[in-house]
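Letter by letter, the chains look like this.
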Amino acid sequence: MATQPTLGEVLQSQGVSRRAFMKFCSATASLMALPAGMGAAMAETLASAKRPSVIWLSFQECTGCTEALTRSHAPTIEGLIFDFVSLDYHHTLQAASGDAAEHAREQAQHDHAGEYLVLVDGSIPLMEHCSTIAGISNVQMLKEACADAAAVINIGTCSAYGGLPMAKPNPTNAVAVGDIITDKPIVNIPGCPPMPLAITGVIAHYLTMGGMPELDHLGRPQAFFGENIHDRCYRRPFYDRGQFAETFDDEGARKGWCLYKLGCKAPTTYNACAHLKWNNGVSFPIQSGHGCLGCSEPNFWDALAVYDSPAKGQFGDGAKLGAATVAGAALGAGAAVLARRKKTRIAEEEESAS
Amino acid sequence: MTLLEFARGPAIHASLIILVAGSMIRLVGVLALTRGADLSRPRDVFGNFKGYRTVFSRAWPSDEFTIVTRYQTAMAYVFHIATLLVVVAIVPHIEFITSLTGLSWPGLPNWIGVALGTIALVSLIALIMRRLSKPEVYNSTVGDYVTWIIVALPLITGLMAFAHVGLRYETMLALHILSSALLFAYFPFSKLMHAFWFLFSRAQSGVAYAHKGVRI
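Read top to bottom, the protein sequences are chains A and B.
Residues in the first sequence are numbered from 1 upward in steps of one, following the numbering used here.
Residues in the second sequence are numbered from 1 upward in steps of one, following the numbering used here.
Please keep in mind that the hints were generated in silico from the structure rather than gathered at the bench.
It is possible that part of the hints are untrue.
Mimicking DSS-like on lysine-lysine, the simulated pairs with C-alpha atoms at most 27 Å apart in a straight line are [claimed, not checked]: (1) K134(B) x K191(B); (2) K184(A) x K143(A); (3) K168(A) x K50(A); (4) K134(B) x K342(A); (5) K255(A) x K184(A); (6) K343(A) x K312(A); (7) K342(A) x K320(A); (8) K343(A) x K134(B); (9) K343(A) x K212(B); (10) K191(B) x K320(A); (11) K212(B) x K50(B); (12) K23(A) x K320(A).
Covered stretches of chain B (in silico footprint by chain A; criterion: 3 or more residues with CB under 8 Å from a CB of chain A, positions within the stretch not fixed) [unchecked claim]: (13) 1-10; (14) 19-33; (15) 94-108; (16) 149-157.
Label-pair distances were calculated between CB atoms; the ranges are [as the list claims (entries may be wrong)]: (17) D249(A) x S104(B): 44 to 50 Å; (18) Y77(B) x R341(A): 49 to 55 Å; (19) F65(B) x H275(A): 55 to 61 Å; (20) A167(A) x F6(B): 33 to 39 Å; (21) S288(A) x S201(B): 56 to 62 Å; (22) H80(B) x K320(A): 45 to 51 Å; (23) D249(A) x T101(B): 50 to 56 Å; (24) K212(B) x R241(A): 53 to 59 Å.
We put the CB at the ideal spot given by N, CA and C, even for glycine.
Generate the whole structure from the sequences, applying the supplied hints.
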């Protein structure tokens, strides 16, 4: 068996300097809130890391997560780290097809039992006929692939929380990976799509520390999902001053005022968009003039209407309140009539007694 | 369903329905009652007019009581005005009212909203301090304290949610909406109904006294 190159060797062959690699490791270590000095340790461990076997399962998804990771911008160390993993199975990226592709997955599961990572994008339909690969239902393939996995990383909101396929009326009865796999460590990297650095950051953490990073109550890495977008938003001062865009093309919108009234979900969304930004730090949705959709939160599609601010109640029309008013008035009038009758009766009784 | 979804959905729905229906039951139930027949000639021919005028003329205590009552009267005014402004003039609340009624108006900057909320809370604390220190004046019931807590909770949770203090923002926002829902549901069946009754009770007292020839 030929000796596999280490990550350090791969990066060196791609022309990545030691300085650039150290810079990446320091940045990633500090981003992930690892102790001081971990940057150097991370560099050392990562440089000598062997290729981990990765099985990437794509279920009910749109391939946006893969696109975000592979086409985000010019090749970077993040991209190269992703290239470094032994991607033994991935519909979109693998050259093999048909039986050869499925065989590659089975081979990887067998050869690296207990060591390989399963990355999943897309939700899983419990109505099994709705999505199959090579005649195998998504539920079955997920269970098979996860049986001997070291850990599962959910890439994107669909695999993490069900996402768009699970939105009402959920015709395929879609669920998240965590609803099916309960006996493996699971890391959720939600987003529609998720931030590429969050994906490679978790992989780098796994390669360096041999385990998964600290997670929040929704199974997301604290390092990337620990902060509220609203708190980090460069438009926050406009919120505090009460300066809001009222429509997408008014003066406030042109001046870059707060998008809260246009339905921005930043106050209830936790992600790194506002400070890491996208496309090599160029921009993020709010900077481009559209409010945050809250895509890294569970049930985001159904929970909060896209163009309604978080403060708005989901009332529909006022018919129910109108009906309540009429019913209340009728009950009140009824009570008054009864009270009047009682009053009259007592008065009559008193009169007849006297 | 998350706590915020529950608060924004079923909880606030139910509480508003209880608020509207409950208030109507009490208002119509009382106002539709008849008064006993008036068998005496009014001492003052303008009695009714002067009685209704009482609604405004007694908005401040009469001179005899000014010194004794000015602390709670002033504090109560500060509390009511600050609370009213917070309820109707900060942007998230206007957004909520807009979602219900379709009406909207310009909001105050958030820092003024925070200042008003703080003033409302401080004046509410000042009022409970007086109530606690003078039990013989107030003859408080358990309901009075429960009402105070139910009024204070939305103010506290709202300020905490805005300042991102305590729990996560979405949880604080949910607690703020839930505490407001509690206030709405409690409103018709408590002394908070004075928001409506003060008009009728003052007018009724004024009419009755004017009828008897009391100088209003």
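Going through the hints against the structure:
{"no.": "1", "hint": "K134(B) x K191(B)", "result": "19 Å, holds"}
{"no.": "2", "hint": "K184(A) x K143(A)", "result": "11 Å, holds"}
{"no.": "3", "hint": "K168(A) x K50(A)", "result": "43 Å, violated"}
{"no.": "4", "hint": "K134(B) x K342(A)", "result": "40 Å, violated"}
{"no.": "5", "hint": "K255(A) x K184(A)", "result": "48 Å, violated"}
{"no.": "6", "hint": "K343(A) x K312(A)", "result": "46 Å, violated"}
{"no.": "7", "hint": "K342(A) x K320(A)", "result": "33 Å, violated"}
{"no.": "8", "hint": "K343(A) x K134(B)", "result": "39 Å, violated"}
{"no.": "9", "hint": "K343(A) x K212(B)", "result": "25 Å, holds"}
{"no.": "10", "hint": "K191(B) x K320(A)", "result": "26 Å, holds"}
{"no.": "11", "hint": "K212(B) x K50(B)", "result": "12 Å, holds"}
{"no.": "12", "hint": "K23(A) x K320(A)", "result": "60 Å, violated"}
{"no.": "13", "hint": "1-10", "result": "holds (count 5)"}
{"no.": "14", "hint": "19-33", "result": "holds (count 14)"}
{"no.": "15", "hint": "94-108", "result": "holds (count 8)"}
{"no.": "16", "hint": "149-157", "result": "violated (count 0)"}
{"no.": "17", "hint": "D249(A) x S104(B): 44 to 50 Å", "result": "18 Å, violated"}
{"no.": "18", "hint": "Y77(B) x R341(A): 49 to 55 Å", "result": "42 Å, violated"}
{"no.": "19", "hint": "F65(B) x H275(A): 55 to 61 Å", "result": "59 Å, holds"}
{"no.": "20", "hint": "A167(A) x F6(B): 33 to 39 Å", "result": "18 Å, violated"}
{"no.": "21", "hint": "S288(A) x S201(B): 56 to 62 Å", "result": "57 Å, holds"}
{"no.": "22", "hint": "H80(B) x K320(A): 45 to 51 Å", "result": "29 Å, violated"}
{"no.": "23", "hint": "D249(A) x T101(B): 50 to 56 Å", "result": "26 Å, violated"}
{"no.": "24", "hint": "K212(B) x R241(A): 53 to 59 Å", "result": "56 Å, holds"}
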